[in-house]
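Colleague: This is what each chain is made of:
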Amino acid sequence: MTRTDRKTSFFAYIFLTIFAIVMVFPFVWMFSSSFKTSEEIYEMTVIPENPSLANYEFIFNYSMFPRWFLNSMIVAVVTTISVLFFDSLVGYTLAKYNFPGKNIIFILILSTLMIPTEMLVIPWYIMVRQLKWMETYWSIMFPGMISAFGVFLMKQFMSTIPDDLLDAARIDGVSEFGIFMRIVMPLVKPALATLAIFNFIGNWNAFLWPLIVAQTPKMYTLPVGVSYFSSENLTRWELIMTGAAVSTIPLIIFFIIFQKQIVKGIAMSGLKG
Amino acid sequence: MKISQKRIVTAYVFLAVPLVFYIVVRFYPMIYAFWLSFTNWKLVSPKQDFVGFSNFVKLFKDKVFMTSLWNTIKYVLFGVPLVIVISLFLAATLNRVKHLQWFYRLLYVMPYITPLVAVSWVWRWIYQRPPAGILNNLLMAFGLDAQPFLTSMNQSLPAIVVTTVWVNLGYCIIIFLAGLQTIPQEYIEAAKIDGATSRQSFFKITIPLLSPITVFLVVTQSITFLRIFTQVYNMTDQGSGGPLNATKPLVLYIYQKAFRSFDMGLASSATVILFLIIMGITLVQLLVLNKRVQY
Numbered sequence: 000m001t002r003t004d005r006k007t008s009f010f011a012y013i014f015l016t017i018f019a020i021v022m023v024f025p026f027v028w029m030f031s032s033s034f035k036t037s038e039e040i041y042e043m044t045v046i047p048e049n050p051s052l053a054n055y056e057f058i059f060n061y062s063m064f065p066r067w068f069l070n071s072m073i074v075a076v077v078t079t080i081s082v083l084f085f086d087s088l089v090g091y092t093l094a095k096y097n098f099p100g101k102n103i104i105f106i107l108i109l110s111t112l113m114i115p116t117e118m119l120v121i122p123w124y125i126m127v128r129q130l131k132w133m134e135t136y137w138s139i140m141f142p143g144m145i146s147a148f149g150v151f152l153m154k155q156f157m158s159t160i161p162d163d164l165l166d167a168a169r170i171d172g173v174s175e176f177g178i179f180m181r182i183v184m185p186l187v188k189p190a191l192a193t194l195a196i197f198n199f200i201g202n203w204n205a206f207l208w209p210l211i212v213a214q215t216p217k218m219y220t221l222p223v224g225v226s227y228f229s230s231e232n233l234t235r236w237e238l239i240m241t242g243a244a245v246s247t248i249p250l251i252i253f254f255i256i257f258q259k260q261i262v263k264g265i266a267m268s269g270l271k272g
Numbered sequence: 000m001k002i003s004q005k006r007i008v009t010a011y012v013f014l015a016v017p018l019v020f021y022i023v024v025r026f027y028p029m030i031y032a033f034w035l036s037f038t039n040w041k042l043v044s045p046k047q048d049f050v051g052f053s054n055f056v057k058l059f060k061d062k063v064f065m066t067s068l069w070n071t072i073k074y075v076l077f078g079v080p081l082v083i084v085i086s087l088f089l090a091a092t093l094n095r096v097k098h099l100q101w102f103y104r105l106l107y108v109m110p111y112i113t114p115l116v117a118v119s120w121v122w123r124w125i126y127q128r129p130p131a132g133i134l135n136n137l138l139m140a141f142g143l144d145a146q147p148f149l150t151s152m153n154q155s156l157p158a159i160v161v162t163t164v165w166v167n168l169g170y171c172i173i174i175f176l177a178g179l180q181t182i183p184q185e186y187i188e189a190a191k192i193d194g195a196t197s198r199q200s201f202f203k204i205t206i207p208l209l210s211p212i213t214v215f216l217v218v219t220q221s222i223t224f225l226r227i228f229t230q231v232y233n234m235t236d237q238g239s240g241g242p243l244n245a246t247k248p249l250v251l252y253i254y255q256k257a258f259r260s261f262d263m264g265l266a267s268s269a270t271v272i273l274f275l276i277i278m279g280i281t282l283v284q285l286l287v288l289n290k291r292v293q294y
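As you go down the protein sequences, you meet chains A and U in turn.
Position 241, counted from 1, in the first sequence is what numbering that gives the first Met the number 0 calls 240; the numbers after and before it change by one each time, with no gaps.
Position 255, counted from 1, in the second sequence is what numbering that gives the first Met the number 0 calls 254; the numbers after and before it change by one each time, with no gaps.
Okay, chain U solo, but in the shape it has when bound (with noise of 0.2 Å):
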């Protein structure tokens, strides 16, 4: 055997338990998602026929399913916007200080780091009815009404936001420092020279530059939280997106589908709407990071 036939053998050698794995622990159940989305079938029962399209009718039928895409877009809407910018305005003024960057960037990702569940319950804590909560506590001693916040139709959705920006501000903090330290610091001063304000330099040169990062981050926050799930499982009254489902995400509604109905056809229909709207947004980044950002 020449050395080189030696050596495919050697990679597929290596390869050989990686690729079982991939076959058996992603592809296969892919392809398994999508034929079962097709099925009308039910855990409990043997029957498992081919059902056509009527799961994703059937789910655009649904109420609950249609409330939950629609909070679904709501957490993504609500969320991605307030999460970039405050991370962008803090990303840049830690830039512009000398000391204890560090430590700043250090205390602003702490939340990222830390289990998800832990972090909903302390919120849960925080936005308790008085005399439980602090922070209603704390709108009283400024003589505020205090607020329902979770028991609430129209603030759970808007908490559960407020405490997944809190979580990923970090993340989105340290990338968008990385990307403002890579900007030339001449391009700048050769503006302020030419007249510029802090501001005009800021909103003329630094954003345009960091585009790549902000549609990176963009696309990364939005798939994030199109799949909110273990902080409204958490902070919502045993775990069921309420009150009155107003804060239940498409992920929850899937859970509760599968595995409380073990209804696992019509679930994998809404995995599948999941999938494709994130596939959407992916291949979106892709024609604008290739289109429009280059500079």
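Excised from the complex, chain A in its bound form (with noise of 0.2 Å):
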């Protein structure tokens, strides 16, 4: 290594620490403050001087939080094994079927990624009154059950299967619908992975159609009971703080056990485009 080429990487590290910190203080401040007393609140002190769970404590046992992180749950963890099984049976179906229709059928499919959440949000609702979905928890799912990137991507990994496996199964007298399940399912897992992956955090974290269709606090998903501490007259900060950690804490946890097939899979959709 030549002296320039240290004193360039030397400034280069300066600059992405500085960024890094810049990345993270706003997580440092709000773990921060989620541990201070209301009385503490306004001191800028990074690390609390007397911390304290009182607010987690507060959070969970007097607010519906435990709902709302239940709610969460449910909605995040149905709408992802939805999207496992029917976009790999539909990405499957279309690599490894003919029939007439394909070529269209999966270009319609693909056309729907085109479609903005927010043009579909209108008449969603108005189907959701006219069928008396309201305040379900189906209402909130239904318009995530199927997706269609992952149509795209599970498509993409099943044709690298190869027919002779298949033939091979047919041959020893697997139905179909065995096939898939038994055979094909095993072979994509990874696939499966980077899928399960990013449907639970978009579903985790969604936060328009939620607050359409959740009207009652019964209802609401973590993110649309965040600002359940705000007034106009009064805002808890430290409470509010306490509810973004709590809505923060199972996607960091998520973060640290995936983060390989996590920043795998946000490069492989760049460069796919």
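FYI, nobody ran anything at the bench for these hints, they're computed from the structure.
Glycine included, C-beta positions come from ideal geometry on N, C-alpha and C.
A few of these clues could be false.
To be verified - Simulated restraints on C-beta separations:
(1) A/Q155 to U/I206: 27 to 33 Å
(2) U/S210 to A/K263: 22 to 28 Å
(3) A/I73 to U/V287: 39 to 45 Å
Build the complex: two chains, separate frames, hints provided.
Modeller: Below, the structure is given as structure tokens:
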């Protein structure tokens, strides 16, 4: 390494570190505020003088946050399972079967990626009212039960499976659905993992649609509930920061476990474009 | 029945539920939204008459709509260049360091996967007036004046842009980095032997080779900024897009018209306009990618 190389890499690290601080500081401040009492909340201390879990206890005992946490979990888990099953099934059928209308169906499904959700929420809302789905989990979940991006992703992976393998299973008398569930699905596990991670994150963080259909606090998801401690007259910042922390913690854990797949998945979505 | 016919039947059985889903939950609502945009339907009244383009005329005469349209354009014009330039330089810097690359990348992408609502409230907290807001306390510690940020007509929109850039940086960095790693190192080495400075090789080799990825990111980020809603709803007073509509984007206007005033016809017309803008940008991307950026 030459001297100028060392010098540039020194400046590179300084530059990167400054940005790393900018990226991380809001998280630090959020957690720090969540451990402060209402007396200390306006102090600019990064480490609280009297750190306490009182805000967390309050939120879990005297608010509907536990319920909202459960709601978010139900919505994210159920939609993810549905997306994994149906997206794989559609991807597999489009990749491995020959039938009239195949290309048109694929193009039509892909074309839905261009429709902005904002355009669909009004018709969805009218549907929910007419079908009396108001205040149900189903009303929050149904728009996300299948994802077009997932169909695209799974079709790519499914087409790498050799046809001979499927034919061998057919000769052994495995049913068509059995081939899909017991032979194909285990082979595409990495793709399923990527799809599951992104779908879970997306549904956990979703805001606009839950805000529209969850009209009583009973049906709120965490993002809809975070602002609960803010009113026109008084904003309980320590409780809001605690709520924000509660909605973030599962994702941070998730992120630490699946960081490799997440980074790879994002990179993949870009290079496809 | 022949085997091939049996396969066709199986394929359609497998696709039955998804096809119904796509028709009922995607295509029918989209057509319905187009239809609604030509009616005067308010959710609370049974009246649903075809009124032609009069909703669109009404929108373009509505000052609040024009303000929110202009705000949306401002979000795109401020946000996209910022996020592209900063993420490109960070990715290029990351690509040069040998150690801890994964660690920095991890920290940078964290905001992107965090719930946007939580992020918005944290930044709203950071932007508070003194003595509460940490950013103002920092400014004052450096001897600068405290700023009103979110309560100011001029600063509130840029403040929300900064938060959004902070959120989207990690996504763009990862994609740029993946692109940078596909550029053969020999190109850079060859330029170096020919006497090019590292700045020259960055601007003359790296940036041109990255252009398909840059186009992709410009388009996806433009669409992200066009659809901005959650940040504004959570960072402004009572989700109003204030002060005095200074931050209100198109989607918030749509939300208020549809779910506060229940004017479904007018709100649908506004969604049609949003849809046309997004379509336009996507088509431009296809054209540009096919034409210019082949190397």
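Colleague: Give a verdict on every hint.
Modeller: We went through each hint and held it up to the structure:
Checking the proposed 27 to 33 Å range against A/Q155 and U/I206 shows it holds: the Cβ atoms sit about 29 Å from each other. Checked against the hint of 22 to 28 Å, the C-beta distance between U/S210 and A/K263 comes to roughly 23 Å, which is consistent with it. A beta carbon spacing of about 43 Å between A/I73 and U/V287 agrees with the range 39 to 45 Å that was offered as a hint.
Checked against the numbered hints listed earlier, the structure breaks none of them; every hint is satisfied.
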